[in-house]
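For chain A, the structure is supplied; the task is to place chain B on it using the hints.
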Amino acid sequence: MTYIFDLVVIGGGHAGVEATLVGKRFGLNVALITLDKDKSGRMSCNPAIGGIGKTHLAKEIDALGGYMAEATDLAGIQFKTLNKKKGPAVQATRAQTDKEIYEKTIQKKLIKEGITVIEDEIKDFLFEKGQVLSAVGAKEEYKAKAYVLTTGTFLNGSILIGDNKQEGGRIDEDKSAGLEKFFTNLNITTGRLKTGTPPRLSSKTINYDKLEIQPGDEKETYMSYLGQKNQHPKQVSCHITKTNPTTHKIIKNNIKRSAMYSGLISGVGPRYCPSIEDKITRFSGKESHQIFVEPEGLNTDWVYPNGISTSLPKDTQEEYIRSIAGFEQAKIHQYGYAVEYDYIDPRNLDKTLLLKNTKNLFLAGQINGTTGYEEAGAQGIVAGINAALLIKHEDPWIPQRQTSYLGVLVDDLTRFGVSEPYRMFTSRAEHRLILRQDNADQRMFETATKYNIISEERKEIFLEKESQKKKIKKTLDTTKIKIGDKTKTATDLCKRNDYSEKDVGKIVKLSGQKFLETYYDIRYSGYVVKQQRELEKMKNLEEFELGLIFDYKEVVGLSGELQEKLNKTQPKNLHEASLLEGITPAALNVLTIHLKKIDAIRAN
Amino acid sequence: MADSIYALGTPIGRSAVAVIRVSGSGFSKGFIKFLNIPIDKKGSWLRSLDLGDFSDQCLVLNFPGSSSYTGEHVVEIHCHGNPLIVSRLLAVLSEFGLREAEKGEFTRRAFVNNKMSLSDAESVMTGIQAGSVQELAALEDFRSGLLGKKLSDLAEKITEALATIESQLDFSDEEDVGDLSVDKSKKMVGSLSASVESLLKNYQPYSAESKKKTVVLFGEPNVGKSSLFNALLGEGVAIVSPTPGTTRDVVRKRMFVDGIDVELEDTAGLRSQTSSDIEDMGIEMAKSAVEGADLVVYVFDSPEKVSNKTDGMVVLNKTDSHKSKVKGVYCVSAKTGEGIEDLSHAIGKAVRDDFDSDLVSERIYRGLSGVVALLKNSGVASDYYEQTSQNLRDSLVLLEEINGTFDNEDVLDQIFNKFCIGK
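Protein chains in written order, with the numbering used here: chain A, 966 to 1569; chain B, -3 to 419.
Calculated directly from the structure, the hints in this document are not laboratory data. In this text, all values refer to a predicted model and were calculated from it rather than measured experimentally. Just so you know, not all the hints are guaranteed correct.
[Said to hold, decoys possible] Computed footprint of chain A on chain B; a stretch qualifies when at least three of its residues, placed anywhere within it, have a C-beta under 8 Å from a C-beta of chain A:
#1 73 to 83
#2 380 to 387
[Said to hold, decoys possible] Cross-link-like lysine-lysine pairs, in silico, DSSO-like; alpha carbons within 30 Å at most:
#3 Lys372/B <-> Lys1445/A
#4 Lys1108/A <-> Lys1077/A
#5 Lys1110/A <-> Lys1316/A
#6 Lys1518/A <-> Lys38/B
#7 Lys1467/A <-> Lys180/B
#8 Lys1471/A <-> Lys1045/A
#9 Lys1214/A <-> Lys1296/A
#10 Lys1324/A <-> Lys1002/A
#11 Lys25/B <-> Lys1562/A
#12 Lys1460/A <-> Lys25/B
Just so you know, even glycine gets a beta-carbon here, dropped at the ideal spot from N, CA and C.
Same shape as in the complex, but just chain A (with noise of 0.2 Å):
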């Protein structure tokens, strides 16, 4: 049988689940295909949402009417702000959250949706002429104008513990077969990637007495712009532990042993994210590493030890957890494992994450070589939008890297590719003043409500606190103060560096969440200026066409380098040349007055 819909989107993880979602906003008629309704919204490897970097994407998703940060108010069993000493750009609230309850929500919001979900394999896609016509799955066949691709680790995964090879995504899952060979035959690049989780223990087997606790904060705080008061479960604490010398003397004799270290694996693992053999190895000169014991959930006695995570044999991972205080007497739930698999090249992507060569085909998460369910969530949401938005023969959505995480992403990923999983650093946003958690709201608000996909409530809220910050803006800028012989403003003083926010908000008498934005905004609206310069310097660049060097070996200046790679993707114009990776601002001179030379001979 054959199945019609608008947009069909395969997997349901957590990039598959906001497209669903954000399709069911543009009004479509969305089918979410699955291989097991059950695991939808799963939490494949640590129980928390957010992180420095990851919790700036979240927001943004959020604003843009997405799930992902209300699910996790909904389920969040501990949150701590990250980098509460430091600045508000960098500042990020991060949620234990319950394994169980998370995916729960998450399945019960598809159901509310009335998204239609259905469990089937797809194999293979019809194709004509770039147009994909069907998903062919094992049982059925689905006809849409348009699809999303999340396959996550499933793509030709495989489960390696110590010398134990077998196929699969996530442990105890088949693999999904068969689109590598329609990848293959689409002439696509793909890679190899790696990851790892940590041996699961039985918390009623751990000795909490020679553990650290690490409570939450105190103040509640909300990963959502909608979160409310009382609306998250029961609060509960994390643990700390470490290893020590003979934990590490465990492993360095059983190196070898290690998946990682036997060659059975070629796949590219996350450097931030390293093994506790790499760690070792890298970093012998160190005695013991951090290991955060996080919960799985409030009803259940898995614990999930933040840290270790490791392809070493059973038997090894048995010895080396119970050298580790207060797991002498830990029972393994499950052996840690490593996750191999495939991804494909995301610069075979446009910035709308359409897969080029074919006129209907979005892919989004781990499949384009990213890792983290925050990352995986984005792309889902831009690949829904922009879906969405070909269905309905608008213009697509491009997001802006000086606007937003989402458009550092998509931009990083398309333009550069990845050499490892790519995971959210502040540090790759230039913008990074300005992309805050806290005005992801204000920063998505014209999208969200030009698309028309987020509720009236949404709405209602971000419209009532940009009147509050009004008024405060109103109160600094009528605040005179003197200084000296001189009278500021107490706007004035907030762009200085000898007044903290402490100081102007005892002048001016207010405090709080909001005034905190306000004193940001005004703090740092030179860089909202820069970021508009650097806005219009790209549109200017777009005027400069580049149809006219046909070969780029011609211009004389460039590295033979920038030459061939500029050959190769015959950019239209300046910018789109700008955004290749090497590109320096003298190749950009250099092809400048090329196209200068160019005028001069052709008015000759």
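Below, chain B without anything else, positioned relative to chain A:
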């Protein structure tokens, strides 16, 4: 088709040989006939060129086609270095439809014809405009990459500092990343800013006006200042007469002394009894010229009158007539040329900048000044490292515009190499 241009390739003035370069794609028949050489053949010929009333024995070098400096047909004419011959030759070229090249036009043509890269062209242009030997040396510094090396060392240091700051922002929750104290960050940024400042101190921007040195000849009337002026220049510019007070204006002329651009000024002689208001005005102008001078040369004409001056150089002129010498004083005869060369070297030595600084283009100087301004504004306690990091980034972007590249990944690489990141 590019029209034909010409330019004098050697300095204006008397010299053994003067070189005139011509470039174009296709010369007029008249010009080809004038040269009287096989125009398509590369080589050199000795030709007596007809300049109207007289002719000059010239060496003509012919570079047809694309392997020349400009990539066009280039002809070099080496004539005798007499200003009269040179100006007549240039006039003749104009008659053949050639025009005088604009400043830097040869280099521009070379660039347009793919004979050199933009940065090469830039450095040649600076080379042409260089006002002193020092500047050429600095240019060499830049070409050879010495300055480039310094800049990339600097960028490396800033990237390192940025990695330290970034680790505080992106990885503050990591065990291995210790807290950075504000004091330490201040110190780190302070030392960066100090090293850029010292670079700035050693690399001054090239500015023609500021690098020109003014040397004023000063003294009583009729001590022979104008004769000395002419002798130093090697040509007749100032009017010389035995009547005191002949020079009433300040006469200026540019000359190169040991590679230094010097403006030599001849002034009205000082005397209390003047013959006219105009002479009075001349004396006033002389006084103000002295005030603005880099070097004052006090000229005397008899050993008895010589008085020691601490603020300038003392010259005893007319040694040919009084036949005496005074110790510690430059004794010359403008008339016979005795001692003039020594005096000229001494002037060059006196006006040469005493600090050991190299010169860079305005662009590089501005970039570096921008970096200093950014760094000075960084490392403040109240910015929680956010702004410091932004300023370090902006500094790298400025440096990138001068030299080299910068990549976000570099910073992350450094962090991951330094710290054990990852839970």
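Next pair to validate is Lys1110/A with Lys1316/A; report whether the Cα-Cα distance is within 30 Å.
holds (19 Å)
Within a Cα-Cα threshold of 30 Å, do Lys1471/A and Lys1045/A meet the stated pairing?
holds (27 Å)
Are the Cα positions of Lys1214/A and Lys1296/A separated by 30 Å at most?
holds (21 Å)
Taking only the CA atoms, is the gap from Lys1518/A to Lys38/B under or equal to 30 Å?
Holds: Lys1518/A and Lys38/B sit about 29 Å apart, inside 30 Å.
Does Lys1324/A pair with Lys1002/A here, judged by a C-alpha cut-off of 30 Å?
holds (28 Å)
Holds or violated: Lys1108/A to Lys1077/A, with C-alpha atoms at most 30 Å apart
holds (24 Å)
Below or equal to 30 Å on CA atoms is what counts here, so check Lys25/B against Lys1562/A.
holds (29 Å)
Is the Cα-Cα distance between Lys1460/A and Lys25/B 30 Å or less?
violated (71 Å)
Do three or more residues from the region 73 to 83 of chain B put their C-beta atoms closer than 8 Å to C-beta atoms of chain A?
violated (count 0)
Please check whether the region 380 to 387 of chain B has three or more residues whose CB lies within less than 8 Å of a CB on chain A.
holds (count 6)
Within a Cα-Cα threshold of 30 Å, do Lys372/B and Lys1445/A meet the stated pairing?
Holds: Lys372/B and Lys1445/A sit about 29 Å apart, inside 30 Å.
Can you confirm whether the C-alpha distance between Lys1467/A and Lys180/B stays at or below 30 Å?
Given that 30 Å is the threshold and the Cα spacing comes to 24 Å, the pair holds.
Hint violations for this structure: numbers 1 and 12, all remaining hints satisfied.
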